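Peer 1: Read off the chains here:
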Amino acid sequence: MLTKQRALRAALLVGLGLGGAGGCLIVSPLDDLPASVDGSAGGTNAGGESAGGKSTGGTAAGKTSSGGSAAAEAGGGTQAGRAGAGGGCLTNAECVRRSADDPYRCRPSDHTCVALKNGACPLAYGDAADPNAIYFGAFATLNPVAPEDNSIIWSHLTALDDLSGDQVGGLPGVAKGPRRPLVMTVCNNAKDVVEAGLAHLVEDVQVPAIIATLKGGDLRRGFEKYRANHDTFYLSPVSVTTTVANETDDGLIWGLLGQPSDFVPTYTELLKLAEKRLRKERDMQPGDQLKVALVTTKDAFDSELAIAVEQALVFNSLSASDNGANYFPVTLNGDDPKLKTQLETTAQDIIDFGPDVVISTASELFSMDGGLLQNIDLEWGGTQDKPRPFYVLSPYNAGDLNRAILLMNNFIEAGVETDPEQRFVGVSVAGARDNTLQNAYSTHLRTLFKDAYFDTANYYDATYFLAYAMVAAGSETELSGSRIASGMQRLLSGPSYNVGPDDIGHIFDALSAGTNVHVASTLGPPDFDPKTGVRSVDGGVLCFERVGDTVQRQTDVLRYDHDQAAFTGTFPCFGDFYP
Amino acid sequence: MTGRGLVASVLGLCALSCGAVEPGEAIGSQAEPIIAGEPSGAEQDGVVLLRTVLEDNSELLCSASLVGPNLIMTARHCVAYLTDGPFSCSPSGELIDNPSGGGRLGLDRPAASLEIYGGRTPRRSPLAHGLQVISTLPPTICENDLAFVVLDTALDLPLVPLRLGRPAELHEPAVLVGYGTSQNAQLINYKTQARQQKRGLEVAGVGPDSIDDGVTTVPPRTLFLDGPSGCIGDSGGPLLAESSGAVLGIYSLQRGSLCSAPHVRSQLVHVPPFQTLIDQAFAAAGCEPVPEPTPEAGGEAEGAGAASGAPNAAAGNESSSLSGATGGVGGAAGETAPEPEPKPKSKTAKSSGCSLSSPRRDADAAPSFFLLALGAIALRGRRRRLRQPSSARRRSLKAY
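First to last, the protein sequences are chains D and P.
Residue 235 in my numbering is what sits at position 235 of the first sequence, and the numbering runs on without skipping anything.
Residue 157 in my numbering is what sits at position 157 of the second sequence, and the numbering runs on without skipping anything.
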């Protein structure tokens, strides 16, 4: 058995190595979105990059800058060049020219040339040299080898291609002046540089707005650190913590994908369904007790989700706390320098506990290569002769499913288990009830970036909301976070329009005329809580379906309808579960 | 411990308008005799060996210039993640013809993985490690392949002056210095690899400072050298003005798969247009660049170190700048040496008659050449990698 387990583990690791692209769902707070980064992986990257370069990415450095010659001459030459990093400037083009065509802006606050990129923020897109450019920041999980191969970025670029590409050319100009192209600086949200990235965007580049694909704790820390001296608007395309949602922020923080409490009913209903199925499948008698482990981490979102879920869980007709020894909560510490050992030890503790169900409210520590899930399922056995546990994956795990899929596929191939997919379901954000906009987005995305993962519409929506909020903010040349926040309020009600290229002109016209609009996004209507700025969401359910000798995920098969307090939809993956 | 071989880190197809075509050259790599140079003396000790230790414990060897006591200048592809595979660079400096993503640069490697060694052999422990990498973060190797590395230790070595404020001149005599493979060597051992210099070179092309100046046969902010000069391991090494010893360019790429081919063309990063980056790097390092000595001040080498504002007290007398082919020119930028007057931007590259009317479409019709990025990886490291667990093998797919 041990030999087989080792062989299985080795096979899994090799499989992971060759597996390539990672999956993701829109619910993922910070997943490592698909990055076809292997240099030897063939041509998969080329198309994406080519498309990006031709759409919005390739001319980012102001190579086509216009109107910069006079300024460049005025500021050109050696002395101006020396002053480039810290000296005076009059135009963006002047700064770009001084700086080897690198994207710079002439910072209005002190007329200093500042680089849009640095080590923490290595990417910039758009015509930085344009005198009317509007600069904003964004975050993504960047792969060191190919940082531009990133579905979050591709999603933003798809929206920027609509809004700021050749056809539209940017946001409406001030007093019917030239269009204002959008210029995006992308920072790495990796733990070790996220603080530097925020500092660069807020203090150096002084952007008025950031699309904050950040963990809840990082977003809160950044906001609180800079709020006193910088007027910056934050729009989170991912779920935020309740702490962030309830932050006294003067409307400066908005969120698209809800908060932990939105997902709790989905968890509790899934556990009910799992208990029903397991009692039948495992021939458990009424007196037999179901054993449940709940896994979380010290990350702010994860721990908050765990607390909320724990309070609502019911199994064996008892609350979690009343279940005593049949309930086993686990908290992983991602800061542990001996993380591998911690994961192995924790997995063994869980195996020794022998859960029937393992519920994850954890992020990558659960689903990553070498994470807790792998450790539990690969090491299961030995003294534990129960069947492997049933898993309820977290919204974060839903964006990082490749390892789970490979695990299942390897179990099937190795003959370890016949139907491993019948032990997995996951919680995610339910998509829009009407998929029309989502489908249009997916098609559009793939025409520009053929390797892009299409369940990334929340990033596309975020770019649109930010752009429209900037337009709605008014005709000030220099936008501020507060004005953009006010602009967001103008997108929630009024004549209804959709995100996407078709309605851009109508929305520009309406907002410029002082009319508020209702912007329907790929995720659905703009159901933002006016008090918190966070959009409420329905939980969704994903599962895995067997196709031949492999499994495939099925997303959004069920929706927890808050109005009906019940699931809706059909469950195609296995029987005796739902309804 | 000593058996190390070489692999070329990048090969590619490069489209350069109006250039000679070598369609028959294979995409392959091996160490070739290079340079036909000569030993580099102690006066060039400011040219250091840069060893980048990769995640799988293999290594990448490059050359670099000590431009401040705690600051080196090198090629960015020596200090950043690079996607392997064939590629081309268009005359406007765009990466093209890279079906497998070759030529793309990722993020900077961890600065602590960068080790600096001097010229004296055998080398044992590094003189310094990287503390911070500063570059324009270009997404491809085709443009701005230049990086500075702030070191954790100030080095007591001669500082290399920079040409600032005026470009390299077409046909300007120059000297290339580096730790690349030599005439008969097939292996590089970082502990023993000798530094070489190649005299008698001349600048064969100077690109415009900005794409806004138009597209010529020479990409923006690059220099060309024709004929054999550098090879594997010389990436990041300086091209010095023969008259002053100041850095004109940084060795980056080679068109053609054989370093020794008579018509091989090398592409270097032209340093003077990077004034802003230079300012940032020296500000981060807390020092000043050693300006280019004027020809009449050629013998006043001793002042260079003091003029650099180096925290290294010993630098004053010992920081004689690098000499070029003329020997004692180096380090002439004494305190009294005025900074050269800016001269009109060289338009010589455009005079080659190869300007393209459509800068954005140039790549489509351009003939193809080979480019060779000159980094070196020890075979030992690669062999070890093959024996490592599968997780390490996964990483090797991304390595060179």
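Think of the hints as simulated: they come from the structure by calculation, not from any bench.
Just so you know, these numbers come straight off a predicted model, no measurement behind them.
A portion of the hints provided could be inaccurate.
Said to hold, decoys possible - Derived DEER-like restraints, expressed as beta-carbon distance ranges:
hint, chain 1, residue 1, chain 2, residue 2, range
1, D, E281, P, H129, 36 to 42 Å
2, D, P178, P, H171, 55 to 61 Å
3, P, R124, D, G169, 57 to 63 Å
4, P, P39, D, N229, 53 to 59 Å
5, D, N229, P, D213, 38 to 44 Å
6, P, P39, D, G169, 39 to 45 Å
To be verified - To give a feel for the contact side, a few chain P residues facing chain D, derived at Cβ under 10 Å:
hint, residue
7, G106
8, P138
9, L146
10, D212
11, R221
12, P273
13, L277
Claimed, not checked - Chain P residues, not near chain D, derived (Cβ > 10 Å throughout):
hint, residue
14, P122
15, P173
16, T192
Each residue gets a CB set at the ideal place from its N, CA and C atoms; glycine is no exception.
Peer 1: It remains to establish, for every hint, whether it holds in the given structure.
Peer 2: So, going through the hints one by one against the coordinates:
{"no.": "1", "hint": "D:E281 x P:H129: 36 to 42 Å", "verdict": "violated, 58 Å"}
{"no.": "2", "hint": "D:P178 x P:H171: 55 to 61 Å", "verdict": "violated, 44 Å"}
{"no.": "3", "hint": "P:R124 x D:G169: 57 to 63 Å", "verdict": "holds, 60 Å"}
{"no.": "4", "hint": "P:P39 x D:N229: 53 to 59 Å", "verdict": "holds, 57 Å"}
{"no.": "5", "hint": "D:N229 x P:D213: 38 to 44 Å", "verdict": "holds, 40 Å"}
{"no.": "6", "hint": "P:P39 x D:G169: 39 to 45 Å", "verdict": "violated, 59 Å"}
{"no.": "7", "hint": "G106", "verdict": "holds, 4 Å"}
{"no.": "8", "hint": "P138", "verdict": "holds, 8 Å"}
{"no.": "9", "hint": "L146", "verdict": "holds, 8 Å"}
{"no.": "10", "hint": "D212", "verdict": "holds, 7 Å"}
{"no.": "11", "hint": "R221", "verdict": "holds, 6 Å"}
{"no.": "12", "hint": "P273", "verdict": "holds, 6 Å"}
{"no.": "13", "hint": "L277", "verdict": "holds, 7 Å"}
{"no.": "14", "hint": "P122", "verdict": "holds, 33 Å"}
{"no.": "15", "hint": "P173", "verdict": "holds, 23 Å"}
{"no.": "16", "hint": "T192", "verdict": "holds, 30 Å"}
Hints 1, 2 and 6 from the earlier list are contradicted by this structure; the remaining hints agree with it.
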